[in-house]
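Novice: Starting from the known structure of chain W, arrange chains A and E on it as the hints suggest.
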Amino acid sequence: MITEMNNMERVFGRPESLRPVSTHYCPGCGHGIVNRLVAEVIDELGIREQTIGVAPVGCAVFLYNYLNVDMFEAAHGRAPAIATGCKRVHPNMTVFTYQGDGDLAAIGTAETIHAAARGENITTIFINNATYGMTGGQMAPTSLVGQKTTTSPTGRKIERAGYPIKMAELLATLDGPAYISRVSVSSAKYVVRAKQAIRKAFETQIKGLGYSLVEVLSPCPTDWHMTPAAAIEWLEENMLPHYPLGEFKVPQEAR
Amino acid sequence: MDKRFMTGNEAIAEAALQAGCRYYFGYPITPQNEIPEYMSRRLPEVGGTFLQAESEIAAIYMVYGASGSGARVMTSSSSPGISLKQEGISYIAAGELPCVIANIMRGGPGLGGIQPSQADYFQAVKGGGHGDYHLLVLAPSTVQEAVSLTMESFDLADKYRNPVMLLGDGFIGQMMEPVVFEKRPAVSLPAKDWACTGAKGRASNLVKTLNLDPAELEKHNIKLYEKYQKMRKDEVRLENYLTDDAEVVIAAYGSVARIAKTAIQALRQKGIKVGMIRPISLFPFPYQAFADIAKRVKKILVVEMSMGQMIEDVKLGVCGAAQVSFYGRVGGMVPSYEEIVAEIEKLVKVAP
Amino acid sequence: MERKSICTNVIMAGFGGQGLMFIGKLLAYCAMKRGLNVTWIPSYGPEMRGGTANCTVVISDQPIGSPVITSPDALIIMNNPSLEAFEPRIKTDGLLFINNNLVTCQIKRKDLQVISVPANDAAVEAGEKKAANMVILGTYVARTGILTKEDVAAGFKEFFGAKTEYLASNMQALEKGMSYA
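Protein chains in written order, with my numbering: chain W, 1 to 255; chain A, 1 to 352; chain E, 1 to 181.
Keep in mind that a hint or two might mislead.
As the list claims (entries may be wrong) - Label-pair ranges, simulated between beta-carbon atoms:
1) E:71 x A:312: 30 to 40 angstroms
2) A:20 x W:230: 52 to 62 angstroms
3) A:211 x E:85: 55 to 65 angstroms
4) A:20 x E:62: 27 to 37 angstroms
5) E:145 x A:184: 37 to 47 angstroms
6) A:202 x E:62: 48 to 58 angstroms
7) W:230 x A:193: 46 to 56 angstroms
8) W:24 x A:191: 29 to 39 angstroms
Simulated from the structure, these hints should not be mistaken for laboratory data.
Small disclaimer: the values here were computed from a predicted structure and weren't measured.
For every residue, glycine included, the Cβ atom is placed at its ideal position computed from N, Cα and C.
Just chain W, same shape as in the assembly (with noise of 0.2 angstroms):
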């Protein structure tokens, strides 16, 4: 038996780059999923020992505990200027961000655009799920026009609040931006591609070709008050066709 083990195969582990912890996220949360990805793509690139990260504030707050790569934890919002930061230092070192919708779509739109329209080659994986998820299920800036949320009770109206912010579009119409794409973790096969895309950006990056972006939707069961299994029948059913899921620019080298 043990001789057999021995030669078979190993086809799945935990990759080197996602540390022998378990998370703190809540059952049923995409941010498990995608931290796991980032850490796949970086041991596939053979990049852990040349990439730093930039945490949000948010719940992927604790990134740092769960990937192994130097990191920095930011200020709401403030990512994209850290990761600048590091990355005119480090220039030779991939640089990516971590960062939910509230962090990147409110508080830190500025940096956010600014990093993009520069141009800065640095990767920002955002995880758009529609909601304040550490705060408690507060309305974001993705939310949808009639969700429920603790700061919308009776469902986000247009009039007093504006309508949902599509990030990816917004940011493909900027010319310094070289990659950005619309990816979900709301089934297997999404979740193949949402991966395809975020090691499309790194290597974006790591060709120099400029800002990288993959916005991933993701399900937040705890403050959306459904069973992880209702979450990612609304995300499919609700969030999907609001932000419609693609590459919205690729690399010229890569068209």
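Specialist: Relative to chain W, chains A and E alone:
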């Protein structure tokens, strides 16, 4: 050595370069624009990076990122811009990241004006942002001193892993004076083995400020406090000007102190023995110097370009042992030496 | 040559664009090259150009205390608003240099040494109509004896890296100005 004739702003920028600063992130604001302008020209010549950020907030976090990556880095701004930077300065202090921040003060509050002021004493010396922290704060009174203090600031920042604020008023930034750039002797500084440089051949590094465990956060605060205590013990800098025989002492810093020197010379010609204590480090503040002088001198006049900020620290030093009076001009108005002379003459006439 | 103690200051005021900041810096730089301590401070109005502009230069063989001067030893005045603003402040027996091509207001004080210079006309004669500032600087340095023409020429070249053609016409303007001292 060759004398150069420069504005304080340009001199601060050149001094930073000569101290090994290779990264500058900033946002334009009067009256300090000569610093980013000079840096944008000179840094590329020496293989450095100048980046004009989208805001003061972004600029200070670029500093956070560059400092956390192990580089010598600076930013500069003026009062309203420093207010914007305060969030990041708190994070930088909490994360124990070395950097230099030049604040060329202008009149406030709000948008205020663009003329010289010293109304940022509180925000520089008493923390400024949230939480228990201090910056090392150094206040030059000549362009030459701005050069030496800028150079020293980078070493102090690295030594203490703490942000250093170079606090100048608009005159220090805009005034032109002859300066000499003397090479500082190399000092031995701790290795930056905590910086994010890629986790090659070592455990990964983390630059962070969050401590959800109250016991851990308390421990961190105490660690920072001990650092500030060491600064209080080792880094007090001041100038005693003609205090030995003085019957009245002026307390002033920055350009006001040099205006006061002219006043003191005029007063001494009139036979009034006046001296001055000029704090050079505003944090740590030279409390002991004021405690000592108050044993002998019973009248102290604090002169500031503010409505009275440093006077609070002077009073803490004096601790009731002498009468502490105040004269200030604000909003970009500058006290003249004649006004200071008149204030002192008023003071000496009144019996203590 | 033995020099007696030097400690003097001057405020130069006029419209933005008349080159007063420039001659202030030039004066300070040349004095520095002669081994003196100097300070130069600008004091702009709200507009950097178009409004009034002034600067203060202090020159001393001692360390300079206040760079801010309420009552200057000398004034260089290039327009009417500046005369109005600064005439009351100059010291008794102070040197008041005025560009009489532009300053038309009456000088009220009688306790001053007024040196009236047709700086614009002289600049045109010198072949550089923009060099009225150099004319009046020439009058100032000659009257105070603080710098020679050679000092100014050297400073002009070194500090401002001036092209030779500018240098020649500006030095002619300076010389013209010196003749009014």
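Novice: Give a verdict on every hint.
Specialist: Consistency of the hints with the structure:
no. : hint                              : result
1   : E:71 x A:312: 30 to 40 angstroms  : 33 angstroms, holds
2   : A:20 x W:230: 52 to 62 angstroms  : 58 angstroms, holds
3   : A:211 x E:85: 55 to 65 angstroms  : 58 angstroms, holds
4   : A:20 x E:62: 27 to 37 angstroms   : 35 angstroms, holds
5   : E:145 x A:184: 37 to 47 angstroms : 40 angstroms, holds
6   : A:202 x E:62: 48 to 58 angstroms  : 57 angstroms, holds
7   : W:230 x A:193: 46 to 56 angstroms : 48 angstroms, holds
8   : W:24 x A:191: 29 to 39 angstroms  : 33 angstroms, holds
When the structure is compared with the earlier hints, no violation turns up for any of them.
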